[in-house]
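The listed protein sequences correspond, in order, to chains A and B. The end of the first sequence is residue 479 by the numbering used here, with every number in the run present. The end of the second sequence is residue 505 by the numbering used here, with every number in the run present.
There's no promise every hint is true.
[To be verified] Keeping only pairs whose Cα atoms sit at most 30 Å apart, straight-line, the calculated DSSO-like set for lysine-lysine is:
1) LYS187/B - LYS109/B
2) LYS109/B - LYS363/A
3) LYS299/B - LYS109/B
4) LYS326/B - LYS414/B
5) LYS363/A - LYS103/A
6) LYS414/B - LYS363/A
7) LYS455/B - LYS299/B
8) LYS196/A - LYS103/A
9) LYS165/B - LYS363/A
Simulated from the structure, these hints should not be mistaken for lab results.
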Amino acid sequence: MIQAWSDLIPLLPELFLLVMINVILIAGLFIDEKRRGIIHFLAILTLVLTAVLTLRDFNVGQRFAALGGMFVRDGVSDVLKLFIYLTTAVVFVYAKHSLRVNKLFVAEYYTLVLFAVLGMCILVSGGNLLTVYLGLELLALSSYALVALDRDSSTASESAMKYFVLGALASGLLLYGMSMLYGLTGSLDLGVIADKLASGDLPPVLLAFTVTFIVVGIGFKFGAAPFHMWVPDVYHGAPTAVTLFISSAPKLAAAGMAFRVLAEGLEPRVQDWAQMLGFLALLSLAIGNLAAIAQTNLKRMLAYSTISHVGFILLGILAGDEAGMAAAMFYVIVYALMSTAAFGLIIVLSRAGFDAERIEDFKGLNQRHPWFAFLMLVTMASMAGFPPTIGFFAKLYVLQAAVDAGWLWLAITSVVFAVIGAYYYLRVIKVMYFDEPEVDHRITVPGDVRSVLAVNVVMLLALTMMAGPLTRLCEQAWQ
Amino acid sequence: MLDVILSLLIWVPIAGGVAVLTTGERAATGGKWLALIFALFTLGLCVPLWMNFDDASANLQFVERAAWIRTFNIEYYLGIDGFSLPLIVLTCIVTVLVLISAWEVIEYKSTQYYAAFLMLAGMMNGVFAAQDAILFYVFFEAMLIPMFVIIGVWGGPKRVYATFKFFLYTFLGSVFMLIGLVYLYLKGQSFQLIDLQSMTLNMTEQTWLFFAFLVAFAVKIPMFPVHTWLPDAHVEAPTGGSMVLAAVMLKIGGYGFLRFSMPIAPDASAAYAWVIIALSLIAVVYIGFVALAQQDMKKLIAYSSISHMGFVTLGLFIAFALVLQKNSPDTAALAVQGAMVQMISHGFVSAAMFGAVGVLYDRVHSRQIADYGGVMNTMPWFGAFVVLFAMANCGLPGTSGFVGEFMVILAAVKANFWIAFASALTLIIGAAYTLWLVKRVIFGDVANSHVAELKDLNSREWIVMSVLAFFVLLIGLWPAPLIDVMQPSVEALLQHISQTKLIGV
Numbered sequence: 001m002i003q004a005w006s007d008l009i010p011l012l013p014e015l016f017l018l019v020m021i022n023v024i025l026i027a028g029l030f031i032d033e034k035r036r037g038i039i040h041f042l043a044i045l046t047l048v049l050t051a052v053l054t055l056r057d058f059n060v061g062q063r064f065a066a067l068g069g070m071f072v073r074d075g076v077s078d079v080l081k082l083f084i085y086l087t088t089a090v091v092f093v094y095a096k097h098s099l100r101v102n103k104l105f106v107a108e109y110y111t112l113v114l115f116a117v118l119g120m121c122i123l124v125s126g127g128n129l130l131t132v133y134l135g136l137e138l139l140a141l142s143s144y145a146l147v148a149l150d151r152d153s154s155t156a157s158e159s160a161m162k163y164f165v166l167g168a169l170a171s172g173l174l175l176y177g178m179s180m181l182y183g184l185t186g187s188l189d190l191g192v193i194a195d196k197l198a199s200g201d202l203p204p205v206l207l208a209f210t211v212t213f214i215v216v217g218i219g220f221k222f223g224a225a226p227f228h229m230w231v232p233d234v235y236h237g238a239p240t241a242v243t244l245f246i247s248s249a250p251k252l253a254a255a256g257m258a259f260r261v262l263a264e265g266l267e268p269r270v271q272d273w274a275q276m277l278g279f280l281a282l283l284s285l286a287i288g289n290l291a292a293i294a295q296t297n298l299k300r301m302l303a304y305s306t307i308s309h310v311g312f313i314l315l316g317i318l319a320g321d322e323a324g325m326a327a328a329m330f331y332v333i334v335y336a337l338m339s340t341a342a343f344g345l346i347i348v349l350s351r352a353g354f355d356a357e358r359i360e361d362f363k364g365l366n367q368r369h370p371w372f373a374f375l376m377l378v379t380m381a382s383m384a385g386f387p388p389t390i391g392f393f394a395k396l397y398v399l400q401a402a403v404d405a406g407w408l409w410l411a412i413t414s415v416v417f418a419v420i421g422a423y424y425y426l427r428v429i430k431v432m433y434f435d436e437p438e439v440d441h442r443i444t445v446p447g448d449v450r451s452v453l454a455v456n457v458v459m460l461l462a463l464t465m466m467a468g469p470l471t472r473l474c475e476q477a478w479q
Numbered sequence: 001m002l003d004v005i006l007s008l009l010i011w012v013p014i015a016g017g018v019a020v021l022t023t024g025e026r027a028a029t030g031g032k033w034l035a036l037i038f039a040l041f042t043l044g045l046c047v048p049l050w051m052n053f054d055d056a057s058a059n060l061q062f063v064e065r066a067a068w069i070r071t072f073n074i075e076y077y078l079g080i081d082g083f084s085l086p087l088i089v090l091t092c093i094v095t096v097l098v099l100i101s102a103w104e105v106i107e108y109k110s111t112q113y114y115a116a117f118l119m120l121a122g123m124m125n126g127v128f129a130a131q132d133a134i135l136f137y138v139f140f141e142a143m144l145i146p147m148f149v150i151i152g153v154w155g156g157p158k159r160v161y162a163t164f165k166f167f168l169y170t171f172l173g174s175v176f177m178l179i180g181l182v183y184l185y186l187k188g189q190s191f192q193l194i195d196l197q198s199m200t201l202n203m204t205e206q207t208w209l210f211f212a213f214l215v216a217f218a219v220k221i222p223m224f225p226v227h228t229w230l231p232d233a234h235v236e237a238p239t240g241g242s243m244v245l246a247a248v249m250l251k252i253g254g255y256g257f258l259r260f261s262m263p264i265a266p267d268a269s270a271a272y273a274w275v276i277i278a279l280s281l282i283a284v285v286y287i288g289f290v291a292l293a294q295q296d297m298k299k300l301i302a303y304s305s306i307s308h309m310g311f312v313t314l315g316l317f318i319a320f321a322l323v324l325q326k327n328s329p330d331t332a333a334l335a336v337q338g339a340m341v342q343m344i345s346h347g348f349v350s351a352a353m354f355g356a357v358g359v360l361y362d363r364v365h366s367r368q369i370a371d372y373g374g375v376m377n378t379m380p381w382f383g384a385f386v387v388l389f390a391m392a393n394c395g396l397p398g399t400s401g402f403v404g405e406f407m408v409i410l411a412a413v414k415a416n417f418w419i420a421f422a423s424a425l426t427l428i429i430g431a432a433y434t435l436w437l438v439k440r441v442i443f444g445d446v447a448n449s450h451v452a453e454l455k456d457l458n459s460r461e462w463i464v465m466s467v468l469a470f471f472v473l474l475i476g477l478w479p480a481p482l483i484d485v486m487q488p489s490v491e492a493l494l495q496h497i498s499q500t501k502l503i504g505v
């Protein structure tokens, strides 16, 4: 299979990551609890070095295919990968504090997350349905295990079970769609599939089923309504350190999967899947925003808010052209930054035996700690899409793409739901600023978390000034 | 410095706000002084701005232009003309007064209060100076967050309801504008107002755009029937919040009509001017009667603001009939100038009225008219100021309130007698509710022991009241500089709207 060793050069970051995961796995067996900080350090170092290796051959405009087209490296994959490393590194910094206080500071967390990262890298580089599926399952299996990390908690076990059953169902549907696609086109290679779909007159009924199954599978992985049932339970049930991870980087990967399978493989059938995504986007916006209003638990609220953000991401993808994909990519990157910030702030306010996960726990935060209250204000404003935060530009970008592709009615509906969504974000601001504090424990936060959090949130504001380069990066990746 | 003076007007207060925030609560007095220094410095910047403004030209002045987001051709594009300049000056003056009037009053988290107003000032200046639609939109929306916090943290008992209503109403209005702007961009590949204004659009497009803009600005200014957020917001807001809201934020609605609706969709604006004129007359007459029935002083002034804003929209949109049907650009210019003067005048008068209510509220902690009576006996200076502002509010000649209303009514007579007649009813209704308020609160015998214990204005309140009184009289007696400065811009606007955009479609 391997024609030449040089064929492996594009895979260098992934290979390095794999080796390092094994090193960490073994090291975790021998390092006792007191020195477990070494594992933490090693994991972050791994991500940094992997990023360096990815940057080594980074070239937005170019496309390499390795292993006979199984593995693709182009601007899209590399930009997504870099942001996956970045968000995961930030996740590690925040998670350590939370894992420590909840007595979950184990090496397995790091290995599982890194395996998930490896899965994501393979997924976003997939040039072949098999590679896509391989990456997806590596990500999914690691995630199931991560949710169950706190094995003594019954809610965590329950949500892991739900996640597993529904995730397996989704994988099955996706696989079914892929097998029909193989039957129709006789190839697993996404490029060949696209050519066959564009040229041949294939049986339309079978084709419709194929597209449907694949869209449903992707919808499940994204957590788009009506396939969103697992999202609130998993977000709520999993330890916050795990929710933090699941809510951020895997969304980048899910977008990557949609790009590969829909925008490359099924590109000639854009008419079919755009219609379906339009329906999913509409439902996600409606259910996500309306259900979030009713939540009292912040993690559940953010879960529903994620569903509504997925609606916006789909709005970009369904535009079907390069501009739409670039917009979706921009949105998902911004979303990952906002999501890490929000869960990071939940972690900051938690202490041993107490997860600050109810909205009430944020009461009077402005009196207890004005700085964190301000950071949460900016994060919520960005999620709601108010200027001058970057969240506004992300929404503007996808709206533009959707209107340009002729989805004016959907764009108008989406902004109306954005206004409804503003209500529950504002409620968090209200609780922090207008209410009196009920608890008064001291907020003790390690310095590294504090500074990374500050940078993370300030980025949401500062990126507005520098929105030009980031949009250009996304645009170039899609040229 | 003149090259970047608009940037300074925007970023100095915002940076000042951040600086004040970092001083924290422990050094609250220092924070207040710091805030005042920043506000005064910003006000000082208005002096060279006004001096170097060429009032013979309708072109954009003090232009700053830099690429911001190249992918969408969004620019950091600032510039002002005769419409923006007075509003920027108004913003800077009101901000200083708001900070002074809060000096001893706001004790809870006072540095945050000061910082919020400073940032708000920078953003409002940004709204008036932005010449790129997205830049405008960013400032337009960003303003909501400090105001949301101001009403919510320092407001009255029903503040949470009021501030959510305020925020969601305004936000809902503006998102439709955003879709409209996106549509315009996709058509013309530009967000610069200059390009949007010169773009040809067919009637269907113009109609949709007109209504998209209308929703945004009608909520902001506010017009009947989307005015209901305003009385709630005003009643619950702290004094400073009410002052800024009435004096400047409402004007952004009128400014938006001038900058977006009228020049971008002139044919639709002409076709649907009757809608706006009808709603304006309802605001002037019906809301005037509503004001008459109020028991709460702030609510009464809030309704009177809506009624006065009716003159602004009336003046702006009656210009279409004057230009297109009566072929009388001079009268149309009178109408638009009247609307602008009304905006500036109302900025000072409403700030003064809310400031006066604040003075009473700080002493008695009630806004109910029934809790007062005979204030003149214990607070003669205060009473004198209130009577002056009340006269301005009902449009007495010699005060600023007269000039704008008179110009609009005069222009309306030329367009249609009955429109003029209906709008002139304000002279009666406005006088009725204002004077009746003054009679019940200021005059008469001392009503109760609270009023008997009142102390007259202290020096801090004196400064606020006398500055506002000065401007009310200045504009009333000598409006010429204000009118001159906007003259070329008004003419350019009328020239622009008299040309149909439909040719060539």
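Would the hint linking LYS326/B and LYS414/B be met if the CA-CA limit is 30 Å? Holds, at roughly 8 Å.
Taken at face value, is the distance from the CA of LYS363/A to the CA of LYS165/B at most 30 Å? Judged against 30 Å, a Cα distance of about 21 Å means the pair holds.
With a cut-off of 30 Å on the C-alpha distance, tell me whether LYS414/B and LYS363/A pass. This hinted pair is violated, its Cα atoms lying about 59 Å apart.
Given the hint that LYS455/B pairs with LYS299/B, does the C-alpha gap stay at or below 30 Å? 25 Å, holds
Going straight from one Cα to the other, do LYS299/B and LYS109/B come out at no more than 30 Å? Between LYS299/B and LYS109/B the Cα gap is close to 26 Å, so the pair holds against 30 Å.
Is the straight-line distance between the alpha-carbon of LYS109/B and that of LYS363/A 30 Å or less? 16 Å, holds
Please verify whether LYS196/A and LYS103/A have alpha carbons no more than 30 Å apart. 54 Å, violated
Is it true that the CA of LYS363/A sits at most 30 Å from the CA of LYS103/A? 26 Å, holds
Hinted pair LYS187/B and LYS109/B, Cα distance within 30 Å: 48 Å, violated
Hint check: violations occur at hints 1, 6, 8; the rest are consistent with the structure.
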